[in-house]
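With these hints in hand, go ahead and build the complete structure from the sequences.
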Amino acid sequence: METLNLLADGFAVALTPTNLMLALLGCFLGTLIGSLPGLGPVNGVAILIPVAFSLELDPTSALILLSCIYYGCMYGGRISSILLNIPGDEPAIMTTLDGYPMAKAGKASEALAISAVASFIGATFATIGLTLFAPMLASVAIHFGPSDYFALYVMAFATIGGITGANPFKTLIAAFLGLMIASVGLDPGTGVARFTFDSFHLYDGFDPIVAIVGLFAISEVLMYLEKMDQLPDKMVPLGRAIPKMKDILSGGWAYMRGSVIGFVSGVLPGAGASLGAFLSYIGEQRWSDKDGSFGKGNPKGVAAPEAGNNSASGGALIPMLTLGVPGSGTTAVMLALLISLNIQPGPLLFERQPDIVWGLIAALYIANVVLLLLNIPLISLFTRMLSMPQWILMPFVVMVSFMGIYSISHSTFDLLVMVGFGVLGYILRKIGVSLVPIILGLLLGADMENNLRRSLSISDGNFAILFQSPIALTLYAITAIMLCLSFYLAFRKRRGAESAP
Amino acid sequence: MTDRIVGLVLLAAAIWYGLTAGTYEASFGDPLGPAAFPVMLSVPVAVLSLFLLLRPDANPDWPRGAALLRQLAAICILVSYALLLERLGFLLITFVAVALLGRLLGSQWHKSAVSGAVVSLVLFLTFDRVLGLPLPALPEFMS
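Protein sequences appear in the order of chains P and E. Take 1 as the starting number for the first sequence in the numbering used here and just add one per residue. Take 1 as the starting number for the second sequence in the numbering used here and just add one per residue.
Quick caveat, the hints were computed from the structure, so don't treat them as lab data. Honestly, I wouldn't trust all of these hints.
With a straight-line cut-off of 20 Å between C-alpha atoms, the simulated EDC-like cross-links for lysine to aspartate or glutamate are [stated by the list, open to error]:
1) P:K227 with E:D30
2) P:K104 with P:D9
3) P:K290 with P:D247
4) P:K430 with E:D57
5) P:K296 with P:D247
6) P:K430 with P:D247
7) P:K430 with E:D61
8) P:K430 with P:E226
Residues from chain E shown here face chain P by an in silico Cβ test under 8 Å; the list is partial [stated by the list, open to error]:
9) R70
10) L104
11) L125
12) F127
Note that beta-carbon positions come from the ideal geometry of N, C-alpha and C, so glycine has one too.
The structure is reproduced here in C-alpha cells:
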C-alpha cells in the first residue's frame, strides 16, 4: 500500500500544470523525432539533452520532459519501420519483418494501429512492473557495498548486448574502450592528471553527452553519405486512415506475451530493448506461426516485437534507476542526463528524492495514455514527416547538435571532440563494434574505479575483499554463465556461417 | 584485414596506455592510487586485441570513390565549422555549412542555400532569443 501512496504523491508532482505541459510536449516531440527516418531514440534524446538544460528546468521537470521524449521516440520509431522498411534503431528491426509486408499488402494503417496498441500495452505493462519491482530492488540494493557494486559493473559490461549474437570479443573491447576513455582527466581521488597530454581542455575528461552526440548523430550522417546512392524502398501509402477494431484485436494474446518477454529481458542489466524485441518475435513465431505466415505480414508478428520492445525499454529503467546500471542505449543516455543534473541514481535516490522517482513514474503512465491518443488519430501527421528529404533533415540535426554542445560549455574544442567521436563511431559501426558498451564504459568508468578503490581501502589493499560478500559472488556467477552463453552462441553462429555455402 | 589493423592499433594503444598509467604516482590517498585501475584495464584490452589479430571477421565494405569523397568533404565542413564558429559568427557559418552539407546530400545549390538561410535564422532565434543562450551572431571584425 505504501507504493500506492508514493505513486499518488508522484501523480501530484506530474500533474502540476508545468509538468503536464512538458509531458505533452515531450510526447509530441518524441513521436516526431522518432518518426524521422534514420534518427532513432538515442539520437533524439541525446540531441535534446542540451536543449533541456537551457530551459533551466528543475531536475524533476527536465527528467519528465526527456522521459516523455524517450517514450515518444519508441512509439514513433515504428512508423518508418512499417512504411519505409527503415528501422530507426536496433530494437525496431524486428518490427520491419512483418510490418513492412503488411503495409505493402495495403494494410499500412492496420499495422500502425496494431503497433501503437502493442506499444501502449507493452509500455504500460513495464511501467506497472517498474512501480512494483523498482522499490523492491532498491531495498535490496541498499545492502550493496563497494565491492558488490564493482561486481555489478563487471556483470553489466560482460553481458551487455552479449547474447544478441554480435561478436562478443568486439563487445568486450567496446566496453573496455569506454572505460579507458573515461579515465582521461584529473583523477578524483588524488588529483593526478591522467592522459591529458598537458592540455587543460582535457582536465575535466570527456563529457559523456559530447561523446554520445558525436558517436550517434555524427556517425549517422557519415553512414548516410556512404549509403545514399542506393535507392531505398519506396514509402507505402497509408490507405484507410482509421483502422477497424477487428484488425486491432487480431493481435490477440501476442500483445501480452510480447510484453512479458520484453519486460524480463529489459530488466536484465545490459540486455535491453533489442533483446526484448528479438526474443518476443522468436517466441511468438514458435507459439502461433502455424501456416508459415510470419515474415509475410502476420499481425501477431507486428504486435509481439513492438510490445516486447516497448516493454523492455520500460523495464530497462528499473536497473537504471535502482542500481545506476542502464540496460540499453537510450537508458544509458538517460543516465548521462541524470548525472549531468547531479542526480545520482541508485537505491538512495528512492529514499532521499522520492518526488523525482515517483514523479517520473507517474509521468510515464500519463505519457502512455497521451501517446496512444496521439498515435492513432494523428498518425497521418507523423507519416508526413517521413517524406522530409534527408538534405534538409541531416544538416539541421548536425546544427542542433553543434548548438546544443556549444551551449553547454561555450567551447569550440568540444565541437571538435564531438566530430572526432563521430568519425570513431562510424569506423566502429563499420567493423561491427556496438556503440552502447562504449557509452556505458564512459558513464560508469569513474564509479567503477571509485568502488574498487573504496573497497580496497576498506581491506587495506587486500584484493580478496572483492570475492567475500555473497552478493558479489552471486553476481560473478551470473556473469560467468552469461559470458559462456554468449561465446557459445557466437561460436555456433560462426560455425554455421562457415559451413553454409 | 581491417580487423587485423584495428587489433594492431588497439594492441599498441593498450601497451602505451598501460605504460603511461604505470608512471602515475600519488603520495597520499587510498592504497590503490591513480595507476592501478588503468593498468588493470590495459591487460585485458591487450589480450582481446590479440584475438582480433588472430581471428578477424570478414572485411566490411569500405566506401570508395564518390562516397568516400563525400564523407571526407563532410568531415572537412564539420571541422571548419568548429574552428570558424567564433571567428565568422553563427549566422554566416551556419548558412554556409548547411548549404554545403545539403549540396553534399544531393540537393541543388539554390534549394540548399534556402535551407541554409532558414536553418541559420530559425536556430539563431530559437537558441539566442527564445532559450537565452547567447551565440556569437556576427563575424569578429563586425562586432
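Hint by hint, here is what the structure shows:
no.: 1; hint: P:K227 with E:D30; result: violated (51 Å)
no.: 2; hint: P:K104 with P:D9; result: violated (47 Å)
no.: 3; hint: P:K290 with P:D247; result: holds (19 Å)
no.: 4; hint: P:K430 with E:D57; result: holds (12 Å)
no.: 5; hint: P:K296 with P:D247; result: holds (16 Å)
no.: 6; hint: P:K430 with P:D247; result: violated (40 Å)
no.: 7; hint: P:K430 with E:D61; result: holds (8 Å)
no.: 8; hint: P:K430 with P:E226; result: holds (11 Å)
no.: 9; hint: R70; result: holds (5 Å)
no.: 10; hint: L104; result: holds (7 Å)
no.: 11; hint: L125; result: violated (12 Å)
no.: 12; hint: F127; result: holds (5 Å)
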